[in-house]
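Trainee: Here are the chains, one letter per residue:
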Amino acid sequence: MLRVIRDLLKYDGRFRFAFVFLLAVLILAISSAISPYDPGRTFKVPADQPPSLQYPFGTNSRGQDMLWWMAFALRNSLFLGLMTAVVSRVIAIFVGLTAGYRGGFVDRALMSINDSFIVMPVLPVLILLSFLLRGRMSLVMLALILGLFGWPWDARLIRAQALSLKERAFTRTAVYSGTGSLKITLNEHLPFVLPVVFATTVANMLWSIGMEVTLSVLGLSNVELPTIGTAIFWANQHQALVAGIWWWLAAPVVVAIVLFLGLYLLFSSVNEYIDPRTRLRLMGG
Amino acid sequence: MALLNVENLRAYYRTEMYGISRTVRAVDGISLELQRNEIYGVAGESSCGKTTLIKVIAGAIKPPLKVEEGRVHYQFGEFDVDMLRISPDDLRSNVRWKEISYVMQGSMSVLNPVRRVITTFEDVVATHQGYTDKAAFLAQTREHVRKLGLPPDVLNLYPHQLSGGMRQRVAIALATVFHPSLIIADEPTTALDVVVQRGVLQMLKDIQAESGNTVLLVTHDLAVHANVADRVAVMYAGRLVEEAPTQLIFHAPRHPYTQHLIHSLPMIGDKSPRASLGGRPPSLANPPAGCRFHPRCPHVLDRCRAEAPEMLRLAGGQRVACHLITEGVR
Amino acid sequence: MSANGKLLDVQHVTAAFHIGGLLGGTRLVAVNDISFALESGRPEIFTLAGESGSGKTTLSRLLLHDLDPTAGKVIFEGRDLATIRKRREALDFMKKVQPVFQNPFETFSPLRRVEEYLYDAAMNFGMARNRRAATPIVDEALHLVGLSLEEVSKRYPHELSGGQIQRVSVARALIPHPRLILADEPVSMVDASLRMAIVNLFRKLRDEQQVSVLYITHDLATAYYISDRIAIMLRGFIVESGPVEAVLDRPLHPYTRLLKESIPEPAPQHRDSWATHIDLGTTEVKEYGRVGCKFAGRCPHIMEVCRKADPLDAEADGRIVKCYLYKA
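Residue numbers (my numbering), protein chains in the order written: chain A, 1 to 285; chain B, 1 to 330; chain C, 1 to 328.
Heads up, some of the hints might be wrong.
Computed beta-carbon distance windows for the label pairs [unchecked claim]:
#: 1; chain 1: B; residue 1: 19; chain 2: A; residue 2: 115; range: 43 to 51 Å
#: 2; chain 1: B; residue 1: 269; chain 2: C; residue 2: 25; range: 40 to 48 Å
#: 3; chain 1: A; residue 1: 260; chain 2: B; residue 2: 82; range: 29 to 37 Å
#: 4; chain 1: B; residue 1: 19; chain 2: C; residue 2: 277; range: 35 to 43 Å
PhoX-like mimics (lysine-lysine), calculated; alpha carbons at most 20 Å apart, straight line [to be verified]:
#: 5; chain 1: C; residue 1: 260; chain 2: B; residue 2: 271
#: 6; chain 1: B; residue 1: 98; chain 2: B; residue 2: 55
#: 7; chain 1: C; residue 1: 6; chain 2: C; residue 2: 73
#: 8; chain 1: B; residue 1: 147; chain 2: B; residue 2: 205
#: 9; chain 1: C; residue 1: 6; chain 2: C; residue 2: 95
#: 10; chain 1: C; residue 1: 86; chain 2: A; residue 2: 183
#: 11; chain 1: A; residue 1: 183; chain 2: A; residue 2: 166
#: 12; chain 1: C; residue 1: 6; chain 2: C; residue 2: 96
#: 13; chain 1: B; residue 1: 271; chain 2: C; residue 2: 204
#: 14; chain 1: B; residue 1: 66; chain 2: B; residue 2: 55
#: 15; chain 1: C; residue 1: 96; chain 2: C; residue 2: 204
#: 16; chain 1: A; residue 1: 183; chain 2: C; residue 2: 95
None of these hints come from the bench; they were simulated from the model.
Backbone N, C-alpha and C fix where the C-beta goes; we use that ideal spot for every residue, glycine too.
Given these sequences and hints, build the entire structure.
Mentor: Written as structure tokens, this is what we have:
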């Protein structure tokens, strides 16, 4: 693992940028643990201060230090993104590999469920749910719901790969070595599917964080919880741009850009590295 | 006057990825001559470099393949070509398909799968020569195909409607539409059934006999060479180890590798045990020092481990690269 | 153990497929009323020889229980394969019949170390409880094929030669101590200088390990070299079968004769007879659909009766021939 990171750092410029961006993001997120301020409390510091050495991100109209507020926001957004990604990947892998390998009735049943989720419009359903759970939708709940919507496209991708892997001779070898279906999908097929899984993980994270921003900006999530989206919500509530408090909007936007760029560059560089064809060429095949 | 003169050819693949650089010495010092009016066979196992040799001879030299050293010189009737210096345009308009054409294994890459066969013929002729009268072109193509023993309505079919053998014969018809001086056939019958193989190779022989051109036949199957080639060259790990007229190389092979290859071939009527050769063909990225065959050679001398043998000329047009000959041991 | 001492008893097996679309299309009979048997007490190497489209691939799938026959039975050690339903029974069958595939570089996943499959086999077939216990079994199987754990340990397929991988593939097949190995073109994709090692290995397995080998190939020369008996397949039928010396030294069926003549011999002095012109005939599907003997389109001895109905098996010169030239 460390060797992989070291190789990528040495030779891939994209990875170097990604590393820097994401490291910055992570440090900020982790530093929320040592924040001197509780993000729920207001007017702990002078309001509306522009960015300075004392307040690197400035302060907002509610008297909160934006740097520490963003630290919490990042932590929450990252948590949301990761949890959604994990939940939806697990479902996508399971559904995709099983449907592809087993075929027949199992495949048809799983794909009907899959396609039902694809045609369902996510945003309206989310808006509806958030109305129903007004104010009480926790981050975990949002992550679970987004996870339940985030798997179908990728499950189909994985299924397509599983279909072709099923025909390959080494699958037969595994069958004749007495290996059962579940083990075949995990041991034989999953490694081939991992690059797709990884690529879609980052895409999924970007999507879910974006969804959260959308919901929050509309005021439909738990607005007391600091996230990138709620930062923008509150800034709009207080008409920050009109009042000239541009740093209140700039902070979440800049942080979001750095995060998204970092994730994208990470995806792009690692994806090429773990592609089985690259790995084979590296190993000398 | 030789058609093709290859001198001291070295062509390597150089790749660099994540700090790991590899040099694959696919062709490492090969000299040979192709005469007019002959079928020249190149025999060798997988990863002996024969595909790379063909690529350089046909002018398909693209990175990461690079010619490090050597000369590849053609003397076609009216003009000469230095394959290593020719421009891509010149290659396309004057040489490819007109003087040098290609028949490969499978041939699906030559015949466009979503077009009828005749369309592929049109494309090839239009690109390399152009035609003004479509009706005349069609009639000529039909005649060409008929002369080769193929039913002319094969032109109206799609490739997938043809059997493997028929596709290969169509590919040969396509390769000979301009009557080139050199036809390069790369494992043309490897995936085909033995009866079909016979038909396809006979067709190739007939074409060669009639037009008097040169066929470079590359295949690992020595039995095919025995029945088709006039001269055979054996390649091992990027180098030529032996070259001789067919009768001579089968009756009196001099290089231990050739000897093993020929003697290990099973024949109907003979159930006596045949030995196998230990070891395996070397990696071209990391070949053994000295003679590349020395780790597997049953008669290895000390000299073989350090010094690569030179090609020696023997009687009867035979060439061998082996210290056992120079030392007078065999 | 089976009632009548037969290891493998193939009884009038037919496998038919429907090709073409939902409407129209044709019925392709890939395997047509095939019968042959291998004895229990006497391990042998039996070759199924045929070109592409002969039905040998379908037949091998039937024998591995990858596919059920449309008619007839495949009986292994007294058990009709079509009655195998439960996973336990399927595993028992797999312990006794193991395949070796054609393409060494596809047999194992390029992302897994090759020895893993041997460990899997040892543990899945109940020969060992864990990896530690499986190690001596894996090592022994590798020694049987002339390799060792040291040589192949931690190696991926691309780090080994085709010949080595095929040997590992045979070792994997040997782990559950099978009675029968089904080798489908095992050397056609292996380099010439490494081929004889594998071919000789099959002989050794028959002689020293008492394992029968069903050798499926189109290469009659290696078939002659190692087999005891041979069956020549054409378009789903066995047209000639018997001891390999009889069938290949003195072929009776016109197709067998054509095959034998078409094999290029590594002997340039005989090349003129190989060069006699032959007619390559019609496409595959047309030959399948033909009524009567499937070789009628290209047979030099064709008679009226050949086009009417499939010929019956006749016994002649110590083998069985399906041809009207010989009395049934």
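Trainee: All hints are to be evaluated individually against the structure, with a verdict given for each.
Mentor: Structure-based check of each hint:
1. For the pair residue 19 of chain B and residue 115 of chain A, the beta carbons lie near 45 Å from each other, so the given range of 43 to 51 Å is met.
2. Distance hint for residue 269 of chain B and residue 25 of chain C: a CB-CB separation of about 45 Å, consistent with the stated range 40 to 48 Å.
3. Take residue 260 of chain A and residue 82 of chain B: their Cβ atoms lie about 54 Å apart, and the range 29 to 37 Å is violated.
4. Between residue 19 of chain B and residue 277 of chain C the beta carbon distance is about 59 Å. The supplied range of 35 to 43 Å is therefore violated.
5. For the hint linking residue 260 of chain C to residue 271 of chain B, the alpha-carbon distance of about 16 Å falls within 20 Å, and the restraint holds.
6. Proposed proximity of residue 98 of chain B and residue 55 of chain B is supported: the alpha carbons are some 17 Å apart, at most 20 Å.
7. Restraint check for residue 6 of chain C and residue 73 of chain C: satisfied, since their Cα atoms lie roughly 14 Å apart, inside the 20 Å limit.
8. Among the hinted pairs, residue 147 of chain B with residue 205 of chain B is consistent with the structure: their alpha-carbon atoms are about 14 Å apart, no more than 20 Å.
9. With a C-alpha separation of about 17 Å, the suggested pairing of residue 6 of chain C with residue 95 of chain C holds against the 20 Å cut-off.
10. Taking the CA atoms of residue 86 of chain C and residue 183 of chain A, the gap is about 18 Å. The hint holds against a cut of 20 Å.
11. Proposed proximity of residue 183 of chain A and residue 166 of chain A is supported: the alpha carbons are some 13 Å apart, at most 20 Å.
12. Simply put, residue 6 of chain C and residue 96 of chain C have alpha-carbon atoms about 14 Å apart, close enough for the 20 Å limit, and the pair holds.
13. Between the alpha carbons of residue 271 of chain B and residue 204 of chain C the distance comes to roughly 15 Å, so the proposed pair stays at or under 20 Å and holds.
14. Under the criterion of a C-alpha separation no larger than 20 Å, the hint pairing residue 66 of chain B with residue 55 of chain B is consistent with the structure, at around 11 Å.
15. A hinted pair counts as satisfied when its Cα atoms are at most 20 Å apart, and residue 96 of chain C with residue 204 of chain C qualifies at roughly 18 Å.
16. With a C-alpha separation of about 19 Å, the suggested pairing of residue 183 of chain A with residue 95 of chain C holds against the 20 Å cut-off.
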